[in-house]
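Using the hints provided, position chain B relative to the given structure of chain A.
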Amino acid sequence: MKALRRVLVVVFSLAGPLLAAQEPAVSTVADTAAQEVSRVQELITAARNEVRLFRQAQPTVAWESSPAKAKVQALWDYGREHAMSAAGGKATSETLQILHQAGRDAEVTAKVDTLGAQEPAWGEVLWVLLQTAESSGDWSAFIAKTQWVIANTGDATLRAKLWFTLGRVYRETGRREEAEAAFAKAAETSPSQGLADSSKGAIYEMHNLNQGQDAPLFTVQALSGDALSLEKLRGQVVVLDFWGSA
Amino acid sequence: MGEFPLLKGLKEQFSGKGLAMVGVAVDTACDRARETARKHGLTWPQVCEGKALKGEVTRLFNVDATPTYYVLDREGVIIGKKVQAEELQRIVAEALAKPAASR
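Chains as they are written, first to last, in the working numbering: chain A, 1 to 246; chain B, 1 to 103.
Hints listed in this document are in silico derivations from the structure and should not be mistaken for laboratory results.
Careful, some of the hints might be misleading.
As the list claims (entries may be wrong) - A few chain A residues that face chain B, going by a derived Cβ cut-off under 7 angstroms, partial list only:
hint	residue
1	Gln211
2	Gln213
3	Leu223
4	Lys232
5	Leu233
6	Gln236
7	Phe242
To be verified - Straight line, CA to CA, 20 angstroms or less: simulated PhoX-like cross-link-like pairs of lysine-lysine:
hint	chain 1	residue 1	chain 2	residue 2
8	B	Lys54	A	Lys200
9	B	Lys8	B	Lys39
10	A	Lys232	B	Lys11
11	B	Lys11	B	Lys39
12	A	Lys200	A	Lys185
13	A	Lys232	B	Lys17
Stated by the list, open to error - Taking CB as the label site, the calculated pair distances span:
hint	chain 1	residue 1	chain 2	residue 2	range
14	A	Ala57	B	Lys51	48 to 58 angstroms
15	A	Ala34	B	Arg38	31 to 41 angstroms
16	A	Leu217	B	Lys8	23 to 33 angstroms
17	A	Gln73	B	His40	48 to 58 angstroms
18	B	Arg38	A	Gly116	52 to 62 angstroms
19	B	Arg38	A	Asp214	26 to 36 angstroms
20	A	Gln211	B	Pro99	18 to 28 angstroms
21	B	Lys51	A	Ala227	11 to 21 angstroms
22	A	Asn210	B	Gly41	25 to 35 angstroms
23	A	Ala33	B	Ala29	31 to 41 angstroms
The C-beta atom is built at its ideal place from N, Cα and C for all residues, glycine as well.
Pulled out of the complex, with its shape left as it was, chain B reads as follows:
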């Protein structure tokens, strides 16, 4: 949860500039996750499967601890895998600086 201010900063900085954020609550209790998201002002789309580390999305990205971050470029290619929170700002800024390629 300590990382939430950093994520909100990211959202503010790049909002409307081509950044989409998706939160996945790794939790068994989605009511609690919803409440946490509300309380901390996580305004971007949130997913909760209610299965903690056994959730499908969680397993798809082999998440074994929280927080875990991935960054995808405009084409959906992984450009940041299980990166540190402090690296997000740089990776996102670099990816946004590249023009959208046609594919």
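Isolated chain A, as found in the complex:
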């Protein structure tokens, strides 16, 4: 499970760029983009506050009649009215995140099913769905929805990233062949060289870096100036530590 958590963190790091890569959508309403963003921020704050109070009051308050439900609904409605703008996308994905945190995953899944394939927030939305899959251990809804977005989105970058995400989920859930096929799709279709390389790396790892296989050998010059050869360390147990300064 720890391995999966690590994968999810990496997948999450994809979610940010997913949104950042979106073209700013043209709003159909008169609000300026800045006004939309600050309005959404107000709605998010209100919904979060009420959900916190609702959770503190558990189990005495019913969700159906709670102010929390009303505030979350207001945020969701904003997202539906501005479905194609960045602010609306934020409202949509935040609604789902808040519902997940409130323990209402069934509602998350139902709401995700109503979203259109061209909406801008899919990167964030699927991240929430992935969290619900992680809590329940049931990956079927996440996988089905990701496949559906792949089949229906017009965004090639998003599609490639989702193939890659799907590859990781398949791999971590023991579906090796599907994992490799998904990584291959990501490698073939990615408009970005970085993601194509990561996908090829994932396939390489599945073939060459399994427990029980001989580790690849290398000889390099160490920072000390001495030659360092993995082969020369035969006879010793070796810990390879890849670390970052930053």
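For chain B alone, coordinates are given in the frame of chain A:
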């Protein structure tokens, strides 16, 4: 960097008992890596290719984040792949407890 004390503990515990450690600085600035290694007392051999995740050794082990750990047994076989820092002590101890096989 938070993992450095754990690695130093590993080094102390198994030093002279058949453990070799190799650090690979995943960095673009090897001067900075050298300074970090010195400051934190990473006394085992260190590699820095100056290419961050695009370095050859890094790609050979498909490293996509730091820290990442692999453990190899005495024959060079992968026995721990991208394991958690907390698992290192157990994996290394078990591997060292096995007698060196001839191959």
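Against the structure, the hints come out as follows:
no.: 1; hint: Gln211; result: holds, 5 angstroms
no.: 2; hint: Gln213; result: holds, 6 angstroms
no.: 3; hint: Leu223; result: holds, 5 angstroms
no.: 4; hint: Lys232; result: violated, 9 angstroms
no.: 5; hint: Leu233; result: holds, 5 angstroms
no.: 6; hint: Gln236; result: holds, 4 angstroms
no.: 7; hint: Phe242; result: holds, 4 angstroms
no.: 8; hint: Lys54(B) - Lys200(A); result: holds, 13 angstroms
no.: 9; hint: Lys8(B) - Lys39(B); result: holds, 13 angstroms
no.: 10; hint: Lys232(A) - Lys11(B); result: holds, 19 angstroms
no.: 11; hint: Lys11(B) - Lys39(B); result: holds, 16 angstroms
no.: 12; hint: Lys200(A) - Lys185(A); result: holds, 10 angstroms
no.: 13; hint: Lys232(A) - Lys17(B); result: holds, 17 angstroms
no.: 14; hint: Ala57(A) - Lys51(B): 48 to 58 angstroms; result: holds, 54 angstroms
no.: 15; hint: Ala34(A) - Arg38(B): 31 to 41 angstroms; result: violated, 48 angstroms
no.: 16; hint: Leu217(A) - Lys8(B): 23 to 33 angstroms; result: holds, 27 angstroms
no.: 17; hint: Gln73(A) - His40(B): 48 to 58 angstroms; result: holds, 52 angstroms
no.: 18; hint: Arg38(B) - Gly116(A): 52 to 62 angstroms; result: holds, 56 angstroms
no.: 19; hint: Arg38(B) - Asp214(A): 26 to 36 angstroms; result: holds, 33 angstroms
no.: 20; hint: Gln211(A) - Pro99(B): 18 to 28 angstroms; result: holds, 20 angstroms
no.: 21; hint: Lys51(B) - Ala227(A): 11 to 21 angstroms; result: holds, 19 angstroms
no.: 22; hint: Asn210(A) - Gly41(B): 25 to 35 angstroms; result: holds, 33 angstroms
no.: 23; hint: Ala33(A) - Ala29(B): 31 to 41 angstroms; result: holds, 38 angstroms
Hint violations for this structure: numbers 4 and 15, all remaining hints satisfied.
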